[in-house]
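Dock chain one against chain two, each of which comes alone in its own frame, and use the hints as you go.
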Amino acid sequence: MKLAYWMYAGPAHIGTLRIASSFNNVHAIMHAPLGDDYFVNVMKSMLERDRDFAPVTASVVDRHVLARGSQEKVINNITRKDQEEKPDLVVLTPTCTSSILQEDLKNFVDRASFDSLADIILADVNHYRVNELQASDKTLLQIVSFYLEKAKSSDQLKILKTRKPSVNIIGTVSLGFHNHHDLLELKRLFLDLDIQINLVIPDGISVHELKKIPQAWFNFIPYREVGGLTASYLKQDFNMPFVDIVPMGILQISKCIHAIQEILIDLGNSVDYSSYIKNQTQFVSQSAWFSRSIDCQNLTGKKAVVFGDATHASAITKILSSEMSIKVVWSGTYCINDAVWFKEQVQDHCDQVVISDDHTLVADLIAETDPNAIFGTQMERHIGKRLNIPCGVISSPVHIQNFPLSYRPFLGYEGTNQIADLIYNSFTLGMEDHLLEIFGGHDTSDSKNSTLSSISSDLWVDEALEELTKIPGFVRNKIKKNTEKFAHENNLKQITLETMYLAKEANQS
Amino acid sequence: MTFIKQTQNNQDLTFECETGNYHTFCPISCVSWLYQKIEDSFFLVIGTKTCGYFLQNAMGVMIFAEPRYAMAELEEGDISAQLNDYEELKRLCLQIKQDRQPSVIFWIGTCTTEIIKMDLEGIAPKLESEINIPIVVARANGLDYAFTQGEDTVLAALAHRCPKKEQVNMSISQKHEPLIIFGSLPNSVAKQLTLDLESQGIHVTGWLPSSNYIDLPIINSGNYVVGVNPFLSRTATTLMRRRKTKLIVAPFPIGPDGTSAWIEKICNVLNLKPKGIKQREKKIWSSLIEYTELLKGKSVFFMGDNLLEVSLARFLIACGMVVYEIGIPYMDKRYQKAELDLLEKTCIKMDVMMPKIVEKPDNYNQLDRIKDLKPDLVITGMAHANPLEARGVNTKWSVEFTFSPIHGFTNSRDVLELVTRPLRRNSSLPNLDFVEKI
Chain A
1 MKLAYWMYAG PAHIGTLRIA SSFNNVHAIM HAPLGDDYFV NVMKSMLERD
51 RDFAPVTASV VDRHVLARGS QEKVINNITR KDQEEKPDLV VLTPTCTSSI
101 LQEDLKNFVD RASFDSLADI ILADVNHYRV NELQASDKTL LQIVSFYLEK
151 AKSSDQLKIL KTRKPSVNII GTVSLGFHNH HDLLELKRLF LDLDIQINLV
201 IPDGISVHEL KKIPQAWFNF IPYREVGGLT ASYLKQDFNM PFVDIVPMGI
251 LQISKCIHAI QEILIDLGNS VDYSSYIKNQ TQFVSQSAWF SRSIDCQNLT
301 GKKAVVFGDA THASAITKIL SSEMSIKVVW SGTYCINDAV WFKEQVQDHC
351 DQVVISDDHT LVADLIAETD PNAIFGTQME RHIGKRLNIP CGVISSPVHI
401 QNFPLSYRPF LGYEGTNQIA DLIYNSFTLG MEDHLLEIFG GHDTSDSKNS
451 TLSSISSDLW VDEALEELTK IPGFVRNKIK KNTEKFAHEN NLKQITLETM
501 YLAKEANQS
Chain B
1 MTFIKQTQNN QDLTFECETG NYHTFCPISC VSWLYQKIED SFFLVIGTKT
51 CGYFLQNAMG VMIFAEPRYA MAELEEGDIS AQLNDYEELK RLCLQIKQDR
101 QPSVIFWIGT CTTEIIKMDL EGIAPKLESE INIPIVVARA NGLDYAFTQG
151 EDTVLAALAH RCPKKEQVNM SISQKHEPLI IFGSLPNSVA KQLTLDLESQ
201 GIHVTGWLPS SNYIDLPIIN SGNYVVGVNP FLSRTATTLM RRRKTKLIVA
251 PFPIGPDGTS AWIEKICNVL NLKPKGIKQR EKKIWSSLIE YTELLKGKSV
301 FFMGDNLLEV SLARFLIACG MVVYEIGIPY MDKRYQKAEL DLLEKTCIKM
351 DVMMPKIVEK PDNYNQLDRI KDLKPDLVIT GMAHANPLEA RGVNTKWSVE
401 FTFSPIHGFT NSRDVLELVT RPLRRNSSLP NLDFVEKI
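The listed protein sequences correspond, in order, to chains A and B. The C-terminal residue of the first sequence carries number 509 in full-length UniProt numbering, and the numbering is unbroken. The C-terminal residue of the second sequence carries number 438 in full-length UniProt numbering, and the numbering is unbroken.
Just so you know, not all the hints are guaranteed correct.
Stated by the list, open to error - Here are the simulated DMTMM-like pairs of lysine to aspartate or glutamate, each with C-alpha atoms no more than 20 angstroms apart in a straight line: (1) A:2 with B:75; (2) A:73 with B:144; (3) A:73 with B:66; (4) A:478 with A:505; (5) B:396 with A:50; (6) A:385 with B:66; (7) A:86 with B:368.
Think of the hints as simulated: they come from the structure by calculation, not from any bench.
Extracted from the complex, chain B is given alone in its bound form (with noise of 0.2 angstroms):
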């Protein structure tokens, strides 16, 4: 049992903002996962040669195989506006069209378009009524969004391209108004909440994204909307302002307690009695013990890069871990806010430390920190990883988070899977100072 150390006693949640000076994954990054979630899709990046060279590290042997993605690289005479961008962007969609028949092309913004004021929205609806496929703009630019971010313009934008209708029948078995989910799963996971909800009478209209652009799903002002990830309040704004939806605020379906809010939550709002889901939910739990054993009493500290880090430290702290920090690139209050609730009541409830919550963290300060409150674990990116285990500090490697499933019941397990591999290791390794930098 490691001794915790109490920093300070915190009656209530605490927002700290520091200098922005972290590090993180540009949001490009997120055409890695959606071009392989939107199966008929193609995204292009127009960018520069760095954007291309980090996506193609980034995203290390998926390069290989053929990915529907593309960079329109810049050279100097776009930059200095010697070519027409409309002309360019024509003559390599067109060559996209022809090599890979998309059924969209996304266009993804970056730092360089928006600095020369590329007109990416402009231009875009009239090279689709010329060449005859959607674009769909999303300025996914290291600017103004961090990593996961990226997936929420995307969907924002996406958002205005769901059909609406006419609402001709309320169908047969439909017990309430429509409910649409966003935020982009892999399909086996998007399957078993949809599964979960079922069971509960609920019946889901569509996701946002769907695995085909032509499957969008059809959005009608009134309709019931819900995220699965915390990092989406754009498109849940677009949805709310620009769809006319109602936004049912929970918290993500990350852990079994999470699953369980989030389900209870979407219940509540839809006037249907929750069935069975504290069992459900305390059977999980008991299917987890071997990790939380594990945890229990243990420290964490979020450096914050992308975005889960609520919703996870939530978990963490439900399964028994003290958290010290969380670390985190952009809060969005309102749209976090029952997620923030939750957190609350589960550090009340497990009787720890209210953990303080870092917008836009300096890495540097951080790494102060981290050396003075010594935590059994920091969740963090790989830039700092290794430089922190040669100081025999343990790591995990926070963007897993994000490549994992790690939404609904089934895959609780999954998380913690990875929270507890480097102390799995540890106990394998009881002589592991030997590697130690002091």
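Chain A with its partners taken away, still in its complex shape (with noise of 0.2 angstroms):
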């Protein structure tokens, strides 16, 4: 047993269902039991504010079915849906609870089969030992495998390759950060580089048109998380060689441009994607030119801290450390099972590197590292928040603001403003931050310790009253409290212009 307040990545369900509710005209029918359909139905309909009924039911394991087991009950739901909706696939999920039962569900998914036109398979995760990101991982693995199988069996594959060089987009799925508006840019991306998008995977697709992955020239894997193990099972049966770069940040595009280019070398189309790079990084990002410009300079040496998923994490801290001369304090991840890639992609980037999913400690080591802004999930946010240190939010778990109406991708050179954006306001602005420096410094852990209000004002003679009003508005009120607070610590009695400079002495030292 282990005593938890918070988990970075789901149960292993959450994984295949957003896989499954990822692609269109597929039902995930859960074996679970009252209350378990939250996830995908609520989260789905409330974060992504679907306008559709979620894909999801659940075949609700109860009293008479702990008594009894399921017998026709999963059976039933399967063809009963099989009716209702007419889907091409129905997967028959497990969760945590059921997946005790040990019923053979197997077998109910055989019988199922006789009587559906839907294609029926079972979801195959071990709940207790893999999380939400690798199930989705495996369960996208399962489905392509099952479609590829088929048609291969029933010589439908269709093998031939595109006349055009052409790519298989894998891994954006429903509830994922951002992943729609990076699809568009990853779209944009292509489209400029003369590049045919043959399939996105799942986002949207039909599992019929699975069988068409192996006309594109190669795959493009953009996150960690999802899709690895189908781009290596792609490579192995098809040998259809694979793009992994995440074009997050304007050096990493260009070395995943560059990737792409010399497989398309390879496969006998010599393209020249060097100008394009040249001319996309000087004019539509404006993240190179922001690294230049003096407000970045100001940056300059900056500590922050980076926590979230593999991906995202390793970016950012790449992004930071090498396109903005911020210093990453530490950089971490909760993905544990990739740690060894994210260890190897970060190590030249921070000074340390933490593989964690215990949000305490997280917690901890960003308190001890005391940052000038922090860059990681909704948790670190809300740490940040109590600590008074500003945060992006920059990878799942996430809430509801994190599903912007607004186009806010994180790949592509579009990408690379939008986080530019995100950093810039994420730390202190530069002037604000030159006048706090000039009237007190940062004393945000001491001031949250002071009671004293806002009203105390008849402290102040009317020389230094006036002097405070001078100072701009956005500061105005930390001095006053700096300086009301070191009145009260030595018993002074009044404030006068003379105790305003003692107390910005007092701050500075």
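Spelled out as structure tokens, the structure:
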């Protein structure tokens, strides 16, 4: 048993459901007690503000099921959904509760297949060994290989490559962090590179299209967490090369496009993308110019910490250190299963690598480090709030505000602009920072304990009060508070101009 | 004025039972309001990652406020009994004792502890004496219960812990047997109801739960008990059978009609003559007129997920609405008897059709019926709210009724504030059609 208050990655069936609900016309049936259908139903409807009913039904496990087994219940539920919704595929999804029951779900799947038009598969994930992200990777592989094997055995596999270079984008899923915006940006990138998009998997496609996978020249895996297994399988069984460099940040995008270029050249299509990269970097992305500008200069040597999933935490770490000269004190991920890869990615870009899924440890580390800004998940944002440190949210788990209506990709050249804004806005603005230095420095941790209220202005002599009003509004309160605290600590009955300066000095030392 | 579709002219309430394929919150969600209510408690949910993820997401920002709850997350070794339950729980509870010093630890049993038959009730007393903190076990799992019934299991367990005392002095002002009210309400709401009763000369001996575990009310056999919420049937049963109390079966104090009926019933049972209740009710109604005008003649459909449905439907019918269907997870006809009677009476008084009560509803079928009936308002869970809105159906998220103060005279306005919100939104966005999905 483990005492846990918070988890970064959800249980396995969530991953399976995210994959299933990403496809078009795939229905998931959860073998689960009442209430377990919470995530996809509610989260999809709420976080993604989905206009359609989530294609997830529960085959409810109740007392009767405990006593007698599911018997016909699961099968009836499958065949009923088959008739009602006419899905192409039904994914029977065990949950951690139902997996202990050790019912022969495979048998239900086989029997239901006789009476259903839909294909039926049983999601094959161990709920006590893998988390949400690993499960989604596995389920995607399971569905893709199921349909490729099926096509192979019925001789329907389309292996003839497209005439022009083409790509499959694998791994954009529902409820993914800014996934839909990223997908648009990737489509734009490939359009610019004159590469056709063969399939986007699984987002919004029909399972019947999967047989066209081998027609693409290569596969592209934008995220580390989902799609890797599928890409390796396609490499092994269909000899399809893949690129899995996350195109996040100027330098990474350029590396990624070069890798694509090499693959195309290998396949006999000689392309040269260097002028494209140069053009985009200089004119479309503002981020390279931002690095040069004096705004960014002010960020030099500022301390930041990074925490999130492997994809986002590693990419943001690299951007901070290599593109903005910000000092990343430590960088970490909760994707424990991918620790080796993560370390390799970030070790040259930060002082320390943290691998943990314990948020209290992360909180302690943040408090200890006392960075100027945090880049993390919603949990780090709240830790930041407590410690009065600004935080930019760069990774799941997220809240509804991380499903913005406006266009906010993290990938591609537009993504670099978004990220530059996010980073810049997270640090205290340069001018504000400067003024704080002049009038009393950062003592956020102390001032929290101060109970002095702002009503105590009768302490102030007119002269000092007048000086106070000259200080720009957004730092005035802070300086007022600092000065009052100083007066209080030193038992001063009145605040004069002199007191103000003394307070300033005291705060600087 | 909307045209009301008269499906059938029922003379009596009809009860149906469907498949139980409906969406609701897992009963462990009761932790989120009970840990706030019982201020010296700590809730330990013994379950899996699934339970934890649900709580983490359902509680929203509360989770960041260092709540007095945690998961005892079961690992593979716990499931296969390679680890000793007793030792594991002892280790965690000692840590909780050290970090938080609660006066009581609640163990919330889940589906998994049921299936692996972890003997929580057996372990608790032993551990309790060993670590010297009361441990109360409640099995609030999704195998047996829905949403608010979680509170019922916790209060039923808590009822056993209420102290018993020799009746030394039938205290000075006491003109009636002691009365204990059960059901968790925000302190301010509990206070309001207490005052309302006091103005009738009724002294409330205590509330179950109290705002601190150490202040649990004394319950003796022969005492009167009355519920404030329709989902507390186990608690009522426990109080009657195990604590030998007398249950006052009354409608629930939701809406001015419900509140006045609740108070009246208590007065009647205690042989007191109600004073000025009808006038009070009338006054509240007249203050609600701006809302009731909006609701008059509109139709509503309850998909059912929190067991407040019958009381809310009765209140809304009294406001002039027509109720097509009352979906409800579980219907205890004995515990809710007075409420059902009042519902029937209200329908007759308002001259509207008797609604159909559908126990263990099937959400899929319900969506079909909603499509046919085209109600003006559907009260439903979040899973269906946005998709229904996209189809031009007004919805109100049912969970809000659980978390808002809705009891008593004063809070009747809050209920109607919630119910009319989509209707008021529509009148302020008259061109809303542009977003509808056909």
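Cross-check of the supplied hints:
no., hint, in the structure
1, A:2 with B:75, "holds, 8 angstroms"
2, A:73 with B:144, "holds, 17 angstroms"
3, A:73 with B:66, "violated, 41 angstroms"
4, A:478 with A:505, "holds, 15 angstroms"
5, B:396 with A:50, "holds, 17 angstroms"
6, A:385 with B:66, "holds, 13 angstroms"
7, A:86 with B:368, "holds, 16 angstroms"
In this structure, the one hint that does not hold is number 3.
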